[in-house]
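Student: As a plain string of letters, each chain reads:
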Amino acid sequence: MIIFLSCIILFLIGLYAIVTKRNLIKIVIGFALIEYAINLLFALIGFRSGMLAPIITKVDMPHKFVDPIPQALVLTAIVIALGTTALMLTVVLRIYNRYKTFDIAEIRKLKG
Amino acid sequence: MTFIPLFFAIPLAAAFIIPILGKIAKSVIWIFVTLVSFALFVLALYGTAVTQQFPMIVYKMGNWPPPLGIVMAFDSLSAFMVLVISILVFAGSIFSLRYISHYTGQWKFYTLYMLITAGMMGISITGDLFNMFVFLEIAAISSYALVAFGVGAEELEASFKYMVMGEVGGLTFLLSIALLYAKTSTLNLADMANVLQVVGQTPFFWLVLGMMLLAFSIKAAFVPFHSWLPDAHPAAPAPISSLLSGIFIKVLGMYTTARLVFNVFGLNRANAPVFFNVLIGIGLLSIAFAGITALSQKDYKRLLGYSSVSQVGYIMLGLGIGNYYGVAGAIFYILAHALGKGLLFLTSGSVVNATGTRDITKLAGLGEHMSTTAWSFRLGSLSLIGLPPLVGFFAKYLIILGALKAGFWWLAIVAIALSVLTLGYLLKIENNVFMKKGRTKASKAPFTMRIAMVFLVVLIVLLGIGFQQIIDFLVGPAANALLRGVEYANLVFGSVGVSF
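Protein chains in written order, with the working numbering: chain R, 1 to 112; chain F, 1001 to 1500.
Source of the hints: derived by calculation from the structure; they are not laboratory data.
Be a bit skeptical, because a hint or two may be false.
[Claimed, not checked] Result set (DSS-like, lysine-lysine): computed pairs, CA atoms no more than 25 Å apart in a straight line: (1) F:K1183 - R:K109; (2) R:K26 - F:K1161; (3) R:K64 - F:K1183; (4) R:K109 - F:K1161.
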C-alpha cells in the first residue's frame, strides 16, 4: 500500500511543479515526474508477489506469472511521453530564442 | 476484408508518403492530400450506409477475439463522427492550397494534417480504452505542433500553454485508465462495461469517472479549463483552426465523454440524476461565461475561439438532459457547429489572407469586395444563431425540445435567452468587418478558398432543408447507439462473427 501511495506522492510533486514553477524547463520536468509516477503505478498494478516473469519457456510450466499487459502499456506510454517531452523542449527552445528568457511571467504577449 | 481499419490506415499511410513526395514532387502534395480526404469522405458515406443495416461492426486487430485483443467497434455514432470529421478535413484541405502557400515546409503541414486526421478517426472507431488514449495523444501531439506552425512568438506561447493544459488532461486520462485496469483487469470497452455493472456505483467508480470528466473537460475546453483555447485556436493556420474548433475538441472531449458515460459506465438520467445535473451545470457555465467574454473581443479569430467554448456548452447541455431528444440534439449540434464554426474560421482565414490583419476594429467594408466570404460568414452565423431552415436551428430546437420533455422548462428558456449572446458577438464581426463604411485594402479570395467555403455553405443549407432525413438516418441512430447504454457490450460481443 505504501508503495502505491509513493506513486501518488510523485504524481502530486509533478503537478506541484507544473502549477507553481515559473521556469519553463522545470514545468517540463514536472511532466516527466508525472509520467514516471503513472508508469510506476502501471508496473505495480501488474505485479504479483513471488510470481514469475511472463515468459513461457517450457510447456508444463506452472501458470504463475505477473500480469504482462501493464508492462506493454508502460512501453507505449513511454514512447508517447518521449514524443511529448521532445516536442515540449523544442517549443521551449524556440520560445527562448524569441523572448530570451525561460521565465513564464515575462512571456505574456497573449491576454484577454 | 473489411473497411473499418482503413479510416485511420489511409491517413496514417498518407502522412508517411507525404514527406517522400516533399522530396521528389512538391506540386502534387496538395492534390494527393485532397484526393485522400475525398476518399475518406466517400468511405465515411459508405460506412454510414452500412450501419443502416448492421448496428455494430467489429474488426479484430490481429484476429484476437474481443476481451483479449484490440477491437474496432464501428456503430452509428462512430459512423456519424467519422462523417463529420471527413467533411471538415476535405474542406480544410481544399482551403489549405493558397493559405499555406506563404509558409515554408508545406509538406510538414500536410503530414501533421494527415496525422491529426488519423488520430481523430481512430478515437471515433476504437473499442479499446488504451487504444483510445494512444489515438488521443496522436491527435493531440499533432495539434500542438500545428498550433506552433507559424513559429512566431505568439504561436509558440499559445502552443506551450495548450501543451501544458492538454498534457495534464491526457495524463489524468492515463492515470484513470491505470486505476480502471487495476479494478477491472480489462481494457476492452465492452468487457469493461460488463465488469463495471458488477462493481456498481462505488466511491471508486465515481473517483475514476470524475478524473475522466476532468480530463475530457480540459480537452473540450469547458469553462474552468478553457483558457488555452482562445489562445491556441487563433494561433493555428486558418484551416487548422477550422478543424480544431469544428471537430477536434468534440472528438477529444465530447465523443469520448459520451461514449464512456453512456456505454461503458452505463449511466443514464434514471440511475444517476445528480451526475447529469452536473453536466447541465458545466454546459450552462460554459455557454454564459464564454459568451459574455466573447462580446468584448477585438480579434476576429479569438472571438470565434470564445464562441466555440460557448457553443460546446450546448452539446454538454443536450447530453446532460439525457433523454432521446436531448442526446439527439447534442449529436445534431456536433454536426451543426462543425459546419458553422468550421466555415466561420475559414472566412477568418480568407480575411487574414486578403488583408493581413485579424483586428476587427481595423477592418471595414469588406462586404462588397469579398462577397463570397461575407455571405459565407452571414450564412454560417445565422446557422449558429439558430435561424430556420439552416442546420443550426434544428440542432438547437431538438435540445430545447429535450429540455421541455424532461420537464426543465426553465432550462429551455435560459438556453434560448443565451442564444442572444451568439447573435451579439457574431453581429460585432459583421458590423465591423463587412458592413462598416470605408474600405480596407484587400485582395479577392482565391478560387480554392471560395470553393471550400461554398462547399460548407451548401451543406449548411441542404442539411437544414433535409433535416428530417438527417435525423432519421444519421442523428437518430447515433443517439440510440448512446442511449442503449451497456447493451453496447452485448452488441460488440454478438457482432464478432458478422462479416459483409
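Student: Quickly compare the C-alpha distance for R:K109 and F:K1161 to 25 Å and report which way the hint goes.
Tutor: Holds, at roughly 12 Å.
Student: If you draw a straight line from the CA of F:K1183 to the CA of R:K109, is it 25 Å or shorter?
Tutor: This hinted pair is violated, its Cα atoms lying about 45 Å apart.
Student: Taken at face value, is the distance from the CA of F:K1183 to the CA of R:K64 at most 25 Å?
Tutor: holds, 20 Å
Student: Keeping to a limit of 25 Å between CA atoms, is the pair of R:K26 and F:K1161 held or broken?
Tutor: Distance ~14 Å between R:K26 and F:K1161 Cα, so the pair holds.
In this structure, only the earlier hint numbered 1 is contradicted, and the remaining ones agree with it.
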